[in-house]
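Read top to bottom, the protein sequences are chains G, X and Z.
For the first sequence, the UniProt record's numbering assigns the number 1 to the initial residue and increments by one for each residue that follows.
For the second sequence, the UniProt record's numbering assigns the number 1 to the initial residue and increments by one for each residue that follows.
For the third sequence, the UniProt record's numbering assigns the number 1 to the initial residue and increments by one for each residue that follows.
Keep in mind that the hints were calculated from the coordinates and are not lab data.
C-beta: ideal position from N, C-alpha, C; glycine also.
Treat each hint with caution, since some may be false.
What the hints assert, rightly or not - Simulated DEER-style distance windows between Cβ atoms:
{"id": "1", "chain 1": "Z", "residue 1": "A163", "chain 2": "X", "residue 2": "E68", "range": "41 to 49 angstroms"}
{"id": "2", "chain 1": "Z", "residue 1": "M143", "chain 2": "G", "residue 2": "V193", "range": "30 to 38 angstroms"}
{"id": "3", "chain 1": "Z", "residue 1": "A163", "chain 2": "X", "residue 2": "D82", "range": "51 to 59 angstroms"}
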Amino acid sequence: MPADGGIGASNKRREDVRFLTGKGRYTDDINLLGQTYVHFLRSDVAHGVLKSVDVAEAASMPGVVKIFTGEDFAEVGGVPCGWQVTDRFGEVMQEPRHPVIAHGKVRHVGEIIAAVVAESHAEARDAAEAIEVDIEDLPAVVDMRAALAEGSTKVHDDLTSNLCYDWGFVEENKEAVNAAFEAAAHVTTLELVNNRLVANPMEPRVAIGDYAPGTGDSTLYTTSQNPHVIRLLMGAFVLGIPEHKLRVVAPDVGGGFGTKIFHYAEEAFCTFAAKAVERPVKWVSSRSEAFISDAHGRDHVTKIELALDAENNFTALRTDTMANMGAYLSTFAPSVPTWLHGTLMAGNYKTPLIYVNVKAVFTNTVPVDAYRGAGRPEATYQLERVIDKAARELGVDPIALRRQNFITEFPYATPVAVEYDTGDYVATMDKLEELADLSGFEARRAEAAARGKLRGLGVNCYIEACGIAPSNLVGQLGARAGLYESATVRVNATGGVVVMTGSHSHGQGHETSFPQVIADMIGIAPDMVEIVHGDTANTPMGMGTYGSRSIAVGGSAMVRAAEKIINKAKKIAAHLMEAAEADIELKDGAFSVAGTDKSVAWGDVTLAAYVPHNYPLEDIEPGLEETAFYDPANFTYPSGAYACEVELDPETGHFTVEAFCAADDFGNIINPMIVDGQVHGGIAQGVGQSMLENCVYDSEGQLMSGSYMDYAMPRATDVPFFNVDHSCQTPCTHNPLGVKGCGEAGAIGSPPALVNAVVDALQRGGHDITHIDMPLSPSRVWQAMQG
Amino acid sequence: MTELSMTVNGKTVTGKAEGRTLLVTFLREELKLTGTHVGCDTSQCGACQVHVNGQPVKSCTMFAAEAEGADVRTIEGMANADGSLSVIQQAFQDHHGLQCGFCTPGMVMTTAALLKENPKPTEAEVREYLEGNICRCTGYHNIVKSIMAASGQDVSAIAAE
Amino acid sequence: MHNFDFVKPGSVAEAAEALKAEDAMALGGGQTLIPTMKARLNAPSALVSLSGMAEMVGVSGSDPVVIGGATTHGQVAAEAGYPALAALAGQIGDPAVRSRGTIGGSLANNDPAACYPAAALASGAVIKTDRREIVADDFFVGMFETALEEGEIITSVSFPVPAKANYQKFLQPASRFALVGVFVAQFDSGVRVAVTGASEEGVHRWSAAEEALSANFSAEALEGLSVASDGLMSDLHGSAEYRAHLVKVMTGRAVRAAG
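Sequences and hints are given; from them, build the entire structure.
What follows is the structure, encoded as structure tokens:
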């Protein structure tokens, strides 16, 4: 670990001190003078005609300030979708209007029907109960297959069907892929469900709208991963407030995992209502409310086929997926099953021909959007499961089959339109075999068997694509936003540095890791660098944090801005030392003239920039503040190999995760401690998806798993200590830090390892079971064992 | 509204509460002690955990009126007298036992209760004791490690930092 | 939640008086009641707190073990001289729930997946109220239903201590209540087996197992038995068939663990 606390050092997190002492400032900790509270009356039916909403009695209840219904928002823009997918026939997707408050119809349990603003939350909720709502029930569209059937009830009457789009990728490859299947020596087919999940950051969403009548300025405090995106979407598309009259603040945010990327109706409501009542309006989601209003994740139903030749080389891959969109298109929903999923189908393998078909479907359920990994876990899960199944069908070692088909030369252009710059899949697999002590498995299995337990081992690889870019490419793919990141580096007169970044930290530790980069570049202590984020008023326009993009894209922007600073500072130093600029070197916080003992400290140069008495004013401006916008040339491609070992009780179907190992390649690493923590958390979420978590609707569109009483969150007893390693490092070639991103890897790489392990345990125990759908609850495992 | 009086973090405090006012609401809104968080409404996540008369309690599942006259301790009262991090808090920072920080107050309060009961818990005992505290960020790895370190046990053999 | 009057009586008699008010409810530890009130599924006019009355708190006696109605799970786990009962109490909820939740509250609520009803029924406990004594066999009437009358307060529970006993709980993975829990108690007079978590009727005895185990207290004695899935609960976490299967498995494990 570097002694200077720069790049590569496991610096302790500075933000921890406030979190550990109860001094964090989360959105719910903010209370504004004269604040009112809103309670949303939400639909308890999945689908129906909203015949009337009578607020007369409720409006006269104690403490009620104003009640809003869909009528109040009839002239207001709908909640926008940020990605327009074009289907395989060249047509754009069907895009329904998404009202802030339901108007005419309700389309999912949890949709807002009315909003009561009152002096206290209790009074708002009391009054909401007095609102009389008349809904004529319609049949609920829940099952995707049924939704696509001829004559199905439509979620949106003004659309032609419940099909949002039918996407083919790469459409031109389709015939060649089919031909390869005709010619295959072996074809393995697997039908599976990627279960619907609820992201469940521990901090529920909160929004506070504030309006200053004196200036006409609006402010929204919100639990967001990307305040600038919210400002743009809400200002421009929903409420018609120009950016200069709207400020969005996301202070300390208690986890996001994707679900706090999106712009939600509640944010628009609070901003709108604060102006209408000329008082701050605060909304705090309960957990129960979160289950029916936060965008859900995953929910794919897939058939995947793998073709192999007689030598077990992968020759083609074909997939057919239905992806649930829910009742409306959440902000980035259309991109998840398409560009974040299809482009990853090659995985770590040199399969030459791939065709991915995805049908996105509207149903009367909560909208579905990105959740940690977003599309990439779905791609990895089906690919790594079908490979495992193929190995078992062919009687070959699953690891050997993978190794045989690894991509080994880089850069590598996949048949699904992306180019991997670097990677070393052999190295990560070698490392995994060491971490997981594969050679000792048989002894562990025999020992478990002596106790009547079935032990199984599952292995898989993953490839991820982080930092989606470049903007001009994603624009062609349908993104309605740029995907650059920004940073302003401000050096103060006495040498301290403030970095104002468009990235947003909600657990990732940017306040600690970002300064390590600046400290390294300048040669100053990290505690001389402060990170400012989360407030549109004092950060440059940036796209926020998701998709494991912060250090790769936001960090690169910071590096670019710091390079401009250093270049300018060298000019000042050259002037101060009366030397040529080309001879100036910056090291350990001092500028020196090459080949001489002349030197001037960092602080002297920064002071000169702001007190420019002895300064080249005719050549350069005073001050030391630079901004950079970084638009990456490509994605980054972290990769790795994961192993899971389980022990299964054949009497009950219950199993325990005995070991979980991860060998990741994240390229260069800024803070290893933080990176390990990201992987731990990702694995736990993947373990959660594969053994515990399931978001389930009944046929009426009622949510069956609407609280922690029925939605099983991973707890400390569900997981072991993880064995993670990131010593395999192939730096990214196209960003200045050589970093790749690590936030989602654990959640992407872990579900197939766990399912492969359980199938392995069962097969070794003599059960002819090739697949069980996630989550592998004891009851599902037991049911499968009954044949 | 009735007037309640209790000791919070060593100080006698008074404030107003309705019958339905939960202890967490009283702490957050009446006493402005916002370190105690609310993460669920079914008494499972533990973000709201405080100590009442030395016992760990979910402050979202106790009426403020029930704490009349009680000795309550919250995360704001857990640092050393000089304001420095306590052994438990320091262990969480040293071993990266928190990410977003939202569940953290509950984790620290639970740890304090555990170590009072069981000063040298095994890994299994720590995990068992965390049954009522949900963390979505850390995968519990570094929380368990932090707690074992806070109990004075050597955690250097635990895989990866 | 809806507002209500909070009443903190100083004695059982005062509590009983306060509970005569219309829509008044007793508040034990509140670990179940408060979440249901947050969801507005319960809206009492007054809550009468049963905590803080010394006469209703504490663990005493060795056989029977007598537990005050307002005694917390944590105190039972730490103090009850009935190891299987103490172990069961130590598995309810989590440490914070155990510092508030009470035995009286749990029994009065009779959640079909709660642990205490299994212990009370298998032990042949006697539930003492401010009005009478009720034997466990008469106390549990159905899911969330007991023999308690309006405003009746559980003041203590008296547990005969069996020669051997054990409780096996198979967790529902989300709520961590019992998906199936089985309490087996061997008395000189015979074996009693109580099952929680499984039946639509709430806690119940498995008489076929009791007969077999009374004749031969070993897991093998259960081999020929099967549990019908009729009337068992079926939900996201397990079918009726799975629960029926688990009843037998957990019973066998309880017998083995009882030694």
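Quick check: which numbered hints come out false for this structure?
Checked against the structure, no hint fails, so every one of them is satisfied.
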